[in-house]
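Given chain F's structure and the hints, the job is docking chain Z onto it.
Protein chains: 2
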Amino acid sequence: MKMNRHILGSSASSYAPLLERPQLRVEELSSTIEDIFASVKVNGDKALLDYTRRFDGVSLSSLQVKNSEIKQAESSLSDTLKKAIARAYKNIYTFHKAQYPEDVVVDISSGIKCWQKPVPIDKVGIYIPGGSAPLFSTVLMLAIPAMIAGCKEIVMTTPPNQKGLIHPAILYAAEMCGITAIYKVGGAQAIAGMTYGTVTVPKVYKIFGPGNQYVTAAKMRSFQSGVAIDMPAGPSEVLVYADDSGEVDFIASDLLSQAEHGPDSQVLLVTSSLRIMDSIEEVLASQLETLPRRDIAAQALKNSHLIY
Amino acid sequence: MKMNRHILGSSASSYAPLLERPQLRVEELSSTIEDIFASVKVNGDKALLDYTRRFDGVSLSSLQVKNSEIKQAESSLSDTLKKAIARAYKNIYTFHKAQYPEDVVVDISSGIKCWQKPVPIDKVGIYIPGGSAPLFSTVLMLAIPAMIAGCKEIVMTTPPNQKGLIHPAILYAAEMCGITAIYKVGGAQAIAGMTYGTVTVPKVYKIFGPGNQYVTAAKMRSFQSGVAIDMPAGPSEVLVYADDSGEVDFIASDLLSQAEHGPDSQVLLVTSSLRIMDSIEEVLASQLETLPRRDIAAQALKNSHLIY
Numbered sequence: 011m012k013m014n015r016h017i018l019g020s021s022a023s024s025y026a027p028l029l030e031r032p033q034l035r036v037e038e039l040s041s042t043i044e045d046i047f048a049s050v051k052v053n054g055d056k057a058l059l060d061y062t063r064r065f066d067g068v069s070l071s072s073l074q075v076k077n078s079e080i081k082q083a084e085s086s087l088s089d090t091l092k093k094a095i096a097r098a099y100k101n102i103y104t105f106h107k108a109q110y111p112e113d114v115v116v117d118i119s120s121g122i123k124c125w126q127k128p129v130p131i132d133k134v135g136i137y138i139p140g141g142s143a144p145l146f147s148t149v150l151m152l153a154i155p156a157m158i159a160g161c162k163e164i165v166m167t168t169p170p171n172q173k174g175l176i177h178p179a180i181l182y183a184a185e186m187c188g189i190t191a192i193y194k195v196g197g198a199q200a201i202a203g204m205t206y207g208t209v210t211v212p213k214v215y216k217i218f219g220p221g222n223q224y225v226t227a228a229k230m231r232s233f234q235s236g237v238a239i240d241m242p243a244g245p246s247e248v249l250v251y252a253d254d255s256g257e258v259d260f261i262a263s264d265l266l267s268q269a270e271h272g273p274d275s276q277v278l279l280v281t282s283s284l285r286i287m288d289s290i291e292e293v294l295a296s297q298l299e300t301l302p303r304r305d306i307a308a309q310a311l312k313n314s315h316l317i318y
Numbered sequence: 011m012k013m014n015r016h017i018l019g020s021s022a023s024s025y026a027p028l029l030e031r032p033q034l035r036v037e038e039l040s041s042t043i044e045d046i047f048a049s050v051k052v053n054g055d056k057a058l059l060d061y062t063r064r065f066d067g068v069s070l071s072s073l074q075v076k077n078s079e080i081k082q083a084e085s086s087l088s089d090t091l092k093k094a095i096a097r098a099y100k101n102i103y104t105f106h107k108a109q110y111p112e113d114v115v116v117d118i119s120s121g122i123k124c125w126q127k128p129v130p131i132d133k134v135g136i137y138i139p140g141g142s143a144p145l146f147s148t149v150l151m152l153a154i155p156a157m158i159a160g161c162k163e164i165v166m167t168t169p170p171n172q173k174g175l176i177h178p179a180i181l182y183a184a185e186m187c188g189i190t191a192i193y194k195v196g197g198a199q200a201i202a203g204m205t206y207g208t209v210t211v212p213k214v215y216k217i218f219g220p221g222n223q224y225v226t227a228a229k230m231r232s233f234q235s236g237v238a239i240d241m242p243a244g245p246s247e248v249l250v251y252a253d254d255s256g257e258v259d260f261i262a263s264d265l266l267s268q269a270e271h272g273p274d275s276q277v278l279l280v281t282s283s284l285r286i287m288d289s290i291e292e293v294l295a296s297q298l299e300t301l302p303r304r305d306i307a308a309q310a311l312k313n314s315h316l317i318y
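Residue numbers (the working numbering), protein chains in the order written: chain F, 11 to 318; chain Z, 11 to 318.
Each statement offered as a hint is correct.
Any copy, or any two copies together, can satisfy a pair, since identical chains are not distinguished.
Cut-off 20 angstroms, straight-line C-alpha distance, at most; resulting in silico cross-link-like pairs (EDC-like, lysine to aspartate or glutamate):
| # | residue 1 | residue 2 |
| --- | --- | --- |
| 1 | 127 | 112 |
| 2 | 216 | 30 |
| 3 | 213 | 30 |
| 4 | 123 | 259 |
| 5 | 127 | 113 |
| 6 | 93 | 185 |
| 7 | 123 | 264 |
| 8 | 12 | 274 |
| 9 | 100 | 117 |
| 10 | 216 | 240 |
| 11 | 133 | 30 |
| 12 | 127 | 247 |
| 13 | 107 | 117 |
| 14 | 123 | 253 |
Keep in mind that the hints were calculated from the coordinates and are not lab data.
Just so you know, these numbers come straight off a predicted model, no measurement behind them.
With the rest of the complex left out, here is chain F (with noise of 0.2 angstroms):
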């Protein structure tokens, strides 16, 4: 696996190139985005099940995901995945939890107390990408706080497939985080309606989630709606900084497991370390063999960095 590697000297200048980071394009898509917002506005629950029609393929004769489907999520999948997604749930949870806030009260001056509480948001929307993999683990990272957090109503958007069905771990893994409702719309036309709320799909205060260019221009649309998002994330990152005591096979699987969310993906491996320099393409190179994912990863190791 060959990927662009660079010894870098003294020379501060040439690092600029290195920094660049993959390109959100969101201003492009703003008409796109405009027209989308436009309608739900103004067409609610019909706009919903239009967009659904177009952009995913299917006819839906209701967005909310019925009770009956949960349940049947739940007898169709390994009892493996479901003790493997108790134990994420477990670690997320226990997390979290330990980060969950205090009050802070300062007595500023005779008579005079003032404080900092922190107060869970009413209502959250979070939005679950569709596409080549179930995401049950954004899932997991989303509503969990959201839980701990004691947020009233956590609503759940993500695009169905073409039969017009959300993959059963997603299901599972919403069901188990006690989320309210979910409903199956994706794509900018998604976060349109927790913007708006339609008679079926509440407007929500706080929109969290991943996604592609659209929904990103989406959250950034509804942020100037007055919801409040969590970020308008882009293409996956991550930075591994290694020493010579890092460990070659683990320096790998983090950086396969951004790579692999995207062609677009960028991954950086900064060492001090020759001998983690010299071998981490081939270890990359064996890994890859074996991932199901690894047409999408090797394209994205090509856009990415080996610095020394």
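The following block gives chain Z in isolation, referenced to the frame of chain F:
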């Protein structure tokens, strides 16, 4: 002082108009903002100086505030004001210092530690509006947390007056908070400068501070270019909730403190006390008389609500 009075009954449908917030019209300004951003990106300092001539009515020879100007500011302020600023500094410092977050380290499973470690943002930009009042309190409230966090570079932009000067209280407060550099530039052009960087004004990673609709629209634009912002600060709002133990004098002062920000401010009092409901308008009227900014506050009060 007459405000809009409401006695709420059981009909929740009548509540909606009470919850309407002052509007931001960010989208209408977008072509102006695009022009300013494009010009600053290409022409840098020259564009900043041109816009300052056009919008602030002053031809500057240099954008950066000199040390001699800061020295002079210090000597031109009264001891009373300096003492008040020092006291505010101490209170704000105490409050924010207590909020300094700890690392959260969790043993997830044998041999695996996960941790959350807050790190300061290297370069931050602070915007201080010009206009009818010198907002040195805003300097303190934005710069002190940045200083406590450990930001390496804290730059400030604020529009000059027609003589090309910044109010000495702003310079004095900035100096006290260890601000790295102060630039005489305001409006959308200041935000564009901190977004792209010019020869004089550095590019920053996050922009903080209030401003008019142009500044707010510019911050949203900056966010699209990958610079973080604190929030899209709209017109000032405050809601006071008081039961019968409330002090009418204090409540009136709290309401006026935000009403005086601008004619589009909105202040709300929700109270379960008929005593407060019946006396607040008179107290507001009497406090208004002594306010230098009473005309602005009076206009804002007209759009505000007293709710029993």
